[in-house]
Amino acid sequence: MEINKFEEVFEGKLAKNEMVEPKDWMPENYRKHLIRQISQHAHSEIVGMLPEGNWITRAPSLRAKVVLLAKVQDEGGHGLYLYTAAETLGISRDELLTNLHTGKAKYSSIFNYPTLTWADIGAVGWLVDGAAIMNQVMLQRASYGPYARAMVRICKEESFHQRQGFEIMTHLAFGTADQKAMAQDALNRWWYPTMMMFGPPDADSPNSENAVKWRIKRETNDQLRQKFVNQTVPQVEYLGLTVPDVNLKWNEAKKGYDFSEPNWVEFKNVISGNGPCNKERLAARNKAHDEGAWVREAAQVFAKKRSEVYAAA
Amino acid sequence: MSDNQGPVWEIFLQKKAGQPFVHCGSLHAYDKEMALQNARDLYTRRGEGISIWAVPSNAIIASSPEDIGPFFEPSNDKVYRHPTFYQIPDAIGHM
Numbered sequence: 001m002e003i004n005k006f007e008e009v010f011e012g013k014l015a016k017n018e019m020v021e022p023k024d025w026m027p028e029n030y031r032k033h034l035i036r037q038i039s040q041h042a043h044s045e046i047v048g049m050l051p052e053g054n055w056i057t058r059a060p061s062l063r064a065k066v067v068l069l070a071k072v073q074d075e076g077g078h079g080l081y082l083y084t085a086a087e088t089l090g091i092s093r094d095e096l097l098t099n100l101h102t103g104k105a106k107y108s109s110i111f112n113y114p115t116l117t118w119a120d121i122g123a124v125g126w127l128v129d130g131a132a133i134m135n136q137v138m139l140q141r142a143s144y145g146p147y148a149r150a151m152v153r154i155c156k157e158e159s160f161h162q163r164q165g166f167e168i169m170t171h172l173a174f175g176t177a178d179q180k181a182m183a184q185d186a187l188n189r190w191w192y193p194t195m196m197m198f199g200p201p202d203a204d205s206p207n208s209e210n211a212v213k214w215r216i217k218r219e220t221n222d223q224l225r226q227k228f229v230n231q232t233v234p235q236v237e238y239l240g241l242t243v244p245d246v247n248l249k250w251n252e253a254k255k256g257y258d259f260s261e262p263n264w265v266e267f268k269n270v271i272s273g274n275g276p277c278n279k280e281r282l283a284a285r286n287k288a289h290d291e292g293a294w295v296r297e298a299a300q301v302f303a304k305k306r307s308e309v310y311a312a313a
Numbered sequence: 001m002s003d004n005q006g007p008v009w010e011i012f013l014q015k016k017a018g019q020p021f022v023h024c025g026s027l028h029a030y031d032k033e034m035a036l037q038n039a040r041d042l043y044t045r046r047g048e049g050i051s052i053w054a055v056p057s058n059a060i061i062a063s064s065p066e067d068i069g070p071f072f073e074p075s076n077d078k079v080y081r082h083p084t085f086y087q088i089p090d091a092i093g094h095m
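Residue numbers (the numbering used here), protein chains in the order written: chain A, 1 to 313; chain B, 1 to 95.
Hints are not guaranteed to be accurate.
Derived Cβ-Cβ restraints for the label pairs, each shown as a range [as the list claims (entries may be wrong)]:
1) Q14(B) - S92(A): 26 to 32 Å
2) A288(A) - P65(B): 34 to 40 Å
3) G47(B) - E28(A): 40 to 46 Å
4) E8(A) - V22(B): 31 to 37 Å
Simulated from the structure, these hints should not be mistaken for lab results.
Cβ coordinates follow ideal geometry from the N, Cα and C atoms, glycine included.
Just need the whole structure built from these sequences, with the hints factored in.
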């Protein structure tokens with residue numbers, strides 16, 4: 001087949017809402033876009049284990065501790081689903097990890113903020129996982145099969161993450177005055193970074209147009225952000241807390257809230273490596289990887305030796 | 001520095017006894033035992049399966065998407081392989 005024939009088949013698939021699979025022909029830019037997006041997503045899951053892992057040893061009860069452990073383990077699993085999805089596009093695990101460890105690849109800006117109190121663990125589950133779910137529900141219908149299938153599995157598991165976070169928030173918000181103040185403080189610090197998770201405004205988002213054209217994304221950054229605010233504000237009200245935004249107001253005409261944009265200058269700074277925890281996060285990833293080198297080496301030598309023993313027998 | 005992450009394995013899960021094994025994803029592992037243990041940890045954290053197959057990725061032979069026409073063509077014109085091809089008298093009812 002000639003190249004334009006291949007392109008026709010590819011475009012036809014998108015038009016019919018069919019999935020593109022690893023062995024199908026795809027435009028080079030589509031492949032590149034997917035590798036970038038899926039690997040960023042995978043890195044976010046793995047780096048996302050760090051701010052929460054920070055509280056495992058200090059969880060306030062045994063129940064809270066086993067829940068947090070299970071959640072952090074899930075995040076590791078999500079990272080692995082996504083790495084293997086990215087690998088179907090012809091990039092190796094080594095390369096993906098090297099890109100993360102050298103700072104060449106990006107991950108979600110949200111994980112460069114610190115988790116200072118136990119209330120932050122509630123806010124992260126409730127807001128950060130809530131925002132992630134909103135994005136991921138959409139991605140279950142992404143045009144690339146392995147990515148969409150990983151998303152289906154992830155979405156099933158994320159629901160527990162958001163609910164456990166909200167449960168922590170209810171305990172604090174309906175607890176003592178000090179506990180309620182902790183909950184409000186966490187909401188104040190996580191609100192805007194969470195809003196940034198949907199990415200820059202549509203007018204200023206270089207990758208959005210292609211992502212929508214190729215049906216990788218089906219809603220734009222601004223649409224998802226609006227949806228998130230609409231969904232979350234009633235939950236904040238239920239908790240008796242206040243969204244840290246004086247411009248937040250119901251707009252009957254658009255059946256949604258008007259709200260303040262997050263600080264996009266701060267967003268750019270955090271993305272470019274200058275957030276509160278960027279250096280710490282990358283150092284922790286590199287340390288874990290380097291200190292695991294002997295395990296990988298030993299497993300490899302062991303597997304090789306044993307296959308030689310089998311071959312000789 | 002590059003280091004080996006181990007070969008890729010394709011993982012198939014059987015949800016319940018008697019049901020077919022269904023592909024659920026892939027993973028890296030250095031040997032068979034590790035492939036099974038990793039599959040258990042990665043794909044069955046919530047009772048998604050009672051039995052696991054792990055198959056080295058490079059052992060899978062796959063048909064090629066470009067061949068979809070010629071490869072499957074021989075079965076496309078054989079409508080008589082389907083039950084709806086045959087007329088059964090109304091008096092007989094469901095068969």
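Hint check:
1. Q14(B) - S92(A): 26 to 32 Å: holds (30 Å)
2. A288(A) - P65(B): 34 to 40 Å: For P65(B) against A288(A), whose Cβ atoms are near 39 Å apart, the range 34 to 40 Å holds.
3. G47(B) - E28(A): 40 to 46 Å: holds (41 Å)
4. E8(A) - V22(B): 31 to 37 Å: For V22(B) against E8(A), whose Cβ atoms are near 32 Å apart, the range 31 to 37 Å holds.
Figure legend: structure checked against the earlier numbered hints; every hint is met.
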